[in-house]
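Engineer: For chain A, the structure is supplied; the task is to place chain B on it using the hints.
Residue numbers (this note's numbering), protein chains in the order written: chain A, 1 to 311; chain B, 1001 to 1506.
Hints may contain errors.
Unchecked claim - FRET-style restraints, in silico, Cβ to Cβ:
1. B:Leu-1368 - A:Glu-93: 23 to 31 Å
2. A:Gly-100 - B:Asp-1358: 35 to 43 Å
3. A:Gly-298 - B:Glu-1055: 45 to 53 Å
What the hints assert, rightly or not - To spell it out: a stretch of chain B is covered by chain A in this simulated footprint if at least three of its residues, at any positions, have a beta carbon under 8 Å from a beta carbon of chain A; those stretches are:
4. 1061-1071
5. 1105-1112
6. 1332-1343
Since the hints were derived computationally from the structure, they do not count as laboratory data. Ideal placement from N, C-alpha and C gives every residue a C-beta, glycine not left out.
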Amino acid sequence: MNDFFTVSIIIATLASGIRLAVPFLLAALGEAVGQRAGVLNLGVEGVMLIGAFAAYYTALETGSASFGLLMGLVVGAAMGLIYAFITVVMHAEQGISGIGIYLFGLGFTDLLFQKQVGTPRPISGLQTKPFDWLANDTGRAGELLFSHTVLTYVAFLLVPVVYWLITRTTFGLNVRAVGENPQAADTLGVSVNGIRTAAIIIGNTMAGLAGAALALEIGIFQQNLTAGRGFIAIALVYFGAWRPVGVMTGSLLFGIVSATVLQLQVQDVISGSVSSIANMAPAVLTVIVLVVVSRRIGQPAALTRPFTRDG
Amino acid sequence: MLEMRGITKRFPGVVANEDVDFTVLPGQVHTLLGENGAGKSTLVKILYGLYQPDEGSIAFDGSPVNIDSPSVAIRTGIGMIHQHFMLVDTLTVAENVALGLGKPLGVNNLQPIRRRIREVSEEFGLHVDPDTYIWQMAVGERQRAEILKALYRNVRLLVLDEPTAVLTPPEVTDLFVTLRQLTSDGRGLVFISHKLNEVMEISDEITVLRDGRVSGRTTPSESDRGSLAMMMVGRPVEFARTIAEQTPGEAKLEVQDLRVRGDRDELAVHDVSIDVRAGEIVGIVGVSGNGQRELAEAIMGLREIESGQVSIDGQPVKTPTPKHVRSMGLAYVPEERMKFGSVGDFSVAENLVLVEHDQAPYVRYGILSLKAIEERSRQLVSDYSIRTPSTATLTRKLSGGNIQKVVIAREFSGGAGVLLVAQPTRGVDIGAAEYIHEQLLVQRSQGKAILLISEDLDEVMALSDRLVVMYEGRVMGRMNREEATIEQVGLLMSGVGEPEGAAVGG
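For reference, chain B alone in the conformation it holds in the complex:
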């Protein structure tokens, strides 16, 4: 149904796509797999008319098409679910669907649109109400509204750019059911992802891109995670790591009966106690929103502690402010690198000294020593293999993985004995994730105490000496890595079992 032949797209200084061939058959889910920056988004933006290719041709249903704008793409029968939803928050679902339809100078009659939305919503089990405003909807619902917007336009080929990145595991399951329903009607789907498990589950065919070129074509039955990762990264990727045996030292971070309130004043952390010893990684797992973020913020002094005690190196934290906590020897990799971990409009060098910028040698008599900052940042850029054109490059221009490396370089290099690391590889490409995992193990071998908070169960299982499962702000279970199984942890994560502290007084 779709044939893209020899697509080449150059941007100043980079070739985003080079001689890419890509075809989709009716009723097929064809996955585009690749790291961030491999050229997946460029290819589908060309398909959707947002970019024009420098070379190559596109044919739809056997006849050549010239897609030079999104409206041509829509008329051709191509729809796209963008990674960042293309919905107007202040409009209703019906109004969002109506956008771009209708005569430019006409009166806008939403009645037939509402009716049709209900029909389509019913048919595909999307449960979208046409009169709800987008800002009132949860992320999963917004995605269904996006899909509905495309279906309303009778698209025959639907492109989904990283649709699972924002979804919880149950929502992913629902999405896949919907996607299967779409292909059963003969529609073609282009699925973009870098999550290998999902790709193996949903795809009929897989095309792998690396550095703008096709590096492999396969199907789930002919491949496994290892071979896919190899095609993506261009070298073998280790999924199972061997962790050196080492005897942990004494407790460096102790959290006792911590009780913390969340943003809506609810009790987000219920009497949680955790200790982390020198030379070990303790992993906290749980579905997002079960108190992990509040726990980390409370330890870091960013959120008020209602009761309980945090101690670092045996010393109780008396004034819980980030500056004081840091001076006691705690470093922090926050979960949102762009929002809390770095300043996008600062240079790489400035971000690298953000913690130590008020200390010698980076500042003397209140004046920044640009030379010392430059030396330090050059050192860190090479030590942590941060891929950046220069230390003066604005941080927001780097890829997600490299921004994360900037944050990690800054936090890991400061000599802190305790590392509080939240979601270190979320949205990061495989290569960078692998590197970050290696660095965590290096820090472990140097005797650092690491508290790792992650939603990625594989990550926590692979790296942690001990696991703590959190559910609704309570500890559901603790175990050593050797005794933990995915099934058992998965059950605890969904709240099956007896939480600690719940039986007290009952």
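Bound conformation, chain A alone:
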């Protein structure tokens, strides 16, 4: 027990928390963009699974993790096109379509895995750590900040990028407008369907990337690899009040909680049934977060409402 509270273990836990936050962050940031445009995608989990499998299988076959990452992005974008067709063009009910996407992702990736891979074979994940040379020179703080793979830096860099995109660009202004009052945007000549489609593709691409990041981090694929992370990401959008910095705060919270549970188990501080119960921490935290943050300040007014000119 005493061993746990050493500085080096706490640093290691926080560092791994940052790493574990990456899939949450990528998926939730993307989902925030989609929701700001008024489209809810409950299928994030399914898209993450498809992205994860695509990345894993590509890396397995080609031996290149980067190529795997790219495939995760591509299938994510493709899922975005499909979801845009379902919800924007066909005006399908968003809640139920998203659940369909999730079930499709869950079943389809398992099928492909059984058919194409069968027994789990590990892949080598992303090795590039661009700032690793700094980590050794800067001591423990350096380990916390500089020991990560390139993908972690990309994910956190996307926070200001998405913030800038939403608040400072014409595209972002259009996204906010079609998420709040699509009729108003339409009367000013903004293409509501075009903007929503673009936002959905951005969101799904990031969900695909999130899945790929997860598979490459763990170095393996299995059925239901994401284990609810996609759903937590949706909750994090609410937690973060649809704002990139809020979403990042929530992602870090979940990453660090997960890392702490993991560390406690590794250190044998908790074991047996306690350990199993501790595994539920992220799920319990999600429920608590959703109850506490049930105020919907900042929720786009037209969220889940399909757009038609006749209202």
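Structural biologist: Then chain B, alone, in the frame of chain A:
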């Protein structure tokens, strides 16, 4: 400047516009007049590219144009102020103006937009600050922001769809000043309204639509309210009603020294006393927001009474809940028919039995008797000439006037001796308003005691036996109809005079 020729637009089952010709000259206010559903909105939606006409042509500045989307309309120089404002509440004025401008992938620089908004705002006296969020603005300000949005885009023809519906009388005056300023620069305006007084005041030319067709073209100097109403409705409309003399009976509704707090805990009703006798209509007039709504809600048991007493048929109301008050013989037509008066997603039949649905014969042993409900609703639909495809139609699909008739049928037919009626004809077309007025007089002749709350001074003056003027929660004056004049009531409504109770202790 604008010529629409032979415009026809069909929707499944209805012809919304049939062979409509409409032209606007530079510097002119051309009014489109017509009842709800006459095809005014369809025509301007075609003009703005939101609908495509099935037949007909549009020319702007002499050359034919094909307006197939709002952005084409804007590029052509046509702007539109929609009845429900097209503003994004969570954005600032500048951001709302910027929408649809700029390159789709560019960085959004609001600085020049802010500057230009200030200039335009200054030029036309609109007093709009570019950095205010829309949700922080009052209704009148939002409308000015909408006008500014159009002016920013250099529109030469501006369509205003029922712009006065949401405004107070002083705001209407201001709006008209702005509109005149716009036409003096050679812009053309299309003004849509069904308020005849306003139409007479602002228009240069008037085109009247009825059932999708042009039923008349005129100017204010060649017409009067009667002839305009005739063109709108297709038959003579009575504005001045003759009210049968009748001696009222005993007091059925008595309100004594009522004191009620408003939503923000302010004292909204100050020691108001009113009594209504059998067979009379007592009208409460006042500008909206002077305690009328709180007074009605308190009587109905929907709002807590701080002090004072309400009695129905001489019996004090002991437990002020809507159900109890209703059981004592009070019926209520609330001011917002869609929000409080009916359930939009319920059928007409369901709305018609909403009050009595828990009583026989509509329910037996807790199970609804659909047959009894159907019979009752068919009866009411025909008694109150509610225009609906069937009793199973969803109520929200009806026109405003017909929804109001559903509410009135339900409340008037229940046998209650006291009717509390708030804003019964707000946003209702002339035909329906006329019908509702008739029904109020029928109820009066049957010995009902009616408390009528309305902002429409003409309505109250035409129907009431006695008038009570409210201002800032107090009674400013009481008078019989014969002794009331518009001027006198108008002054009392704006707070000129000595309110009741204010002198007490002073």
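Engineer: Looking back at the hints listed earlier, which ones does the structure fail to meet?
Structural biologist: Violated: hint 6 alone.
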